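2 protein chains.
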Amino acid sequence: MNTSTEQITVKKVTTSRLPEVDFDNLVFGSTFSDHMFMCDFKDGAWQDATILPYGNLSISPAAKVFHYGQAVFEGMKAFKDEDGNVFLFRPEENFERINKSSKRMAIPEFPKALFFEALHKLLALDKDWVKGGLGNSLYIRPFAMATQVGVAAAPANEYKFMILMSPVKAYYTGDVKVTIAQKYSRSANGGVGAAKAAGNYGAQFYPTNLAREKGFQQVIWTDADEHKYLEEAGTMNVFFRINDTLITAPTSDRILDGVTRKSVLAIAERDGIETDVRRLTVGELVAAAKDGSLKEIFGSGTAAVISPVSAFGYNDEIFELEKPQDSYSERFKKELMDIQYNRAQDPFGWRYPIA
Amino acid sequence: MNTSTEQITVKKVTTSRLPEVDFDNLVFGSTFSDHMFMCDFKDGAWQDATILPYGNLSISPAAKVFHYGQAVFEGMKAFKDEDGNVFLFRPEENFERINKSSKRMAIPEFPKALFFEALHKLLALDKDWVKGGLGNSLYIRPFAMATQVGVAAAPANEYKFMILMSPVKAYYTGDVKVTIAQKYSRSANGGVGAAKAAGNYGAQFYPTNLAREKGFQQVIWTDADEHKYLEEAGTMNVFFRINDTLITAPTSDRILDGVTRKSVLAIAERDGIETDVRRLTVGELVAAAKDGSLKEIFGSGTAAVISPVSAFGYNDEIFELEKPQDSYSERFKKELMDIQYNRAQDPFGWRYPIA
Ligand SMILES: Cc1ncc(COP(=O)(O)O)c(C=O)c1O
Ligand SMILES: Cc1ncc(COP(=O)(O)O)c(C=O)c1O
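In order, the protein sequence lines correspond to chains P and W.
Just so you know, we're using the numbering used here here: the first sequence kicks off at 1 and counts up by one.
Just so you know, we're using the numbering used here here: the second sequence kicks off at 1 and counts up by one.
Please note: incorrect hints may appear among the correct ones.
[Claimed, not checked] The following residues of chain W were derived to be distant from chain P, with all beta-carbon distances above 12 Å: (1) N25; (2) D43; (3) R90; (4) F116; (5) N243; (6) K290; (7) G292; (8) S293; (9) E296; (10) E317; (11) D338.
[Stated by the list, open to error] Straight-line C-alpha distance at most 27 Å; calculated DSS-like pairs for lysine-lysine: (12) P/K103 with W/K177; (13) W/K214 with P/K100; (14) W/K103 with P/K183.
[Claimed, not checked] Over the 10 Å line for every Cβ pair with chain W, so calculated as not near, a few chain P residues: (15) V21; (16) N136; (17) N243; (18) P250; (19) Q345.
None of these hints come from the bench; they were simulated from the model.
Quick caveat: nothing in here was measured; it's all calculated off a predicted structure.
Quick reminder that beta carbons are idealized off the backbone N, C-alpha and C, glycines included.
All chains should be modelled from the sequences, with the hints used to inform the complete structure.
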């Protein structure tokens, strides 16, 4: 792997779009920073790594990504501290995960040195797009997709790996109401649920719309066989606090191995909070809600950070949750963000200084 | 719905690429005819229907299709008879299925009159791209995809509906060897397996590559729970002939409701061949292979037509199949193609004259 900085060609914007951006009214993931990274896979190798002004691609309508969803992505964030230093959070995890996703989707893996070099160069150029202040961040979207022309259903021999960056605020603005899946499902044993494969997300839009019509923002997915075990939400892993124990599903080939999830588990263990990584059933959850032992539910994810759940729906019943005094979700959110924004020690070595 | 022909703007090529095409050496789905159809969904309506020269799109790298696989497609074919007339085969089925797929993927449905008008106009323009002769056809690829810019995981509010056309010969050139899925799976209960959703296909590439390395062209997928029931192949439904009974899996939310499959069932019933639409187990299949009652396996699909299976692999055993004298697969292939190429009566009303 080439670690030289010369391998990325840089074409800068002539005028930054930064002054036009209304940072107080950002819609999540719809504004993009001045530059993007692009690298092509052809003739068996990644090549032509380039940083260039964010803008449209010229691409054939017969590119395989449009027809066969051969595409994977990642989601990470850059945070700015009070001195203007910029940090990523555990970026090695995202790097490893995109390659794991790529492998499952028959996409060639991307070189580590080039991935980090691209991030360094992009963030050096677009540092001012990272706003300081708790809750502000620059969302980073690496992705890979099949660009070979052809409508035969077989893996492509040409791909693009790209990185876009988007200034964001919180993903959910209030508490989240969720419904427990009883009919639709997110992934199968032996499927691609553990990968951040593009098609996993599009497939959830319709059932999530149905949930929205009933007043829920998200679905908590259950296993496809029996709808018995609680798995994860659309873009978050899910934690349940029963009495003082923190329960979350084990990862599997159906569940994304979330970076925030594993960070919450590590913080809980450090703080002496009992954790139990096991398959919780819907029956147990409902019983705990009824007998009062269910104290909290929250989601964890890069976009959503820690997202408290204020109610869940099941079998046409709604179970409301009142946030306890010693809220775990608030505690983890604060502890995580303090590390991310360089407001606390970093005992785990999760901060990655970048610009 | 507007049925006027004025609603599609037509921009013709100045010079046809037809003379450059080597029709004897076509790679499936990699050559495209002179024109394509494109229509945009925005502000809540399909608009700007246009036929234009086949060529690249200018599209944002943040378009949702790249990130969330919110895309569906269809596959159909145009056939030319000996007098130069062009026919589609049951195109209403494809029209209905793409809208069914779209619904499951939260994509707005496309108007019927516009779909057929687009096909009529495209085929009038590119009629010479349909080559006569058994086995030659023009493969037609309607598809819809999310074009809205934004990396928030939610349905788009802008889409493109397009139709590409590609001259093809046979999809498989010889007999096909298949392996029975024992680890990976194609779809989940409550998932999107019954839709022609883009991501279903990309998700199969890796396990299909593993099968290829062992000498199989395709995987026969089984249910994700137990890998016990035989379902379908990557781009074909699957039929098993045990003694003289033709068995195929019932469609479900995991299995594509194939047009070729239902045509084979109709022809079999007309011809007095016993059919049994039921869930065949892998155990039954292996037992039938061992006791000699398994006579044939074949796949059915628009691209592959009828594709005889010459062997299947299971548990590291290979079961070879010898084509019987009174081969069902040959018979159905002939009867289907005779209808498609206007060489026989069309008692079912499946031929659709178009150009
Ligand atoms: C399906 C799914 N589960 C969980 C997560 C949370 O993972 P992470 O904490 O790494 O962002 C995400 C988002 O990345 C996701 O898409
Ligand atoms: C998964 C799958 N099964 C079966 C088929 C066969 O369907 P049809 O006969 O309509 O082409 C296809 C191809 O269209 C397919 O993609």
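Problem - Closest CB of chain W to the CB of P/V21 still more than 10 Å away - result: holds, 15 Å
Handout entry: Non-interface label on P/P250, tested against every C-beta of chain W at 10 Å
Key = holds, 18 Å
Exercise for the section: Please settle this one: W/E296 was flagged as non-interface, so is its CB more than 12 Å from every CB on chain P? Expected result: holds, 24 Å
Practice task
Mind verifying the non-interface call on P/N243? Its CB should be farther than 10 Å from each CB in chain W.
Solution key: holds, 32 Å
Practice task
Just double-check P/N136 for me: nearest Cβ-Cβ distance to chain W has to come out over 10 Å.
Solution key: Check passes; 17 Å lies beyond 10 Å.
Handout entry: W/S293 and chain P, when compared Cβ to Cβ, separated by more than 12 Å
Key = holds, 29 Å
Handout entry: 27 Å Cα cutoff - pair P/K103, W/K177
Key = Satisfied, since the Cα-Cα distance of roughly 24 Å is no more than 27 Å.
Exercise for the section: Determine whether the non-interface label on W/N243 survives the test: each CB of chain P must be over 12 Å from its CB. Expected result: holds, 32 Å
Exercise for the section: Could you check that no beta carbon of chain P comes within 12 Å of the beta carbon of W/D43? Expected result: holds, 17 Å
Exercise for the section: Examine each Cβ of chain P, and state whether all of them lie more than 12 Å from the Cβ of W/N25. Expected result: holds, 15 Å
Practice task
Taking the shortest Cβ-to-Cβ distance between W/K290 and chain P, state whether it exceeds 12 Å.
Solution key: holds, 26 Å
Problem - Outside-interface status for W/G292 - nearest CB in chain P farther than 12 Å - result: holds, 32 Å
Violated hints: none; the structure is consistent with every hint.
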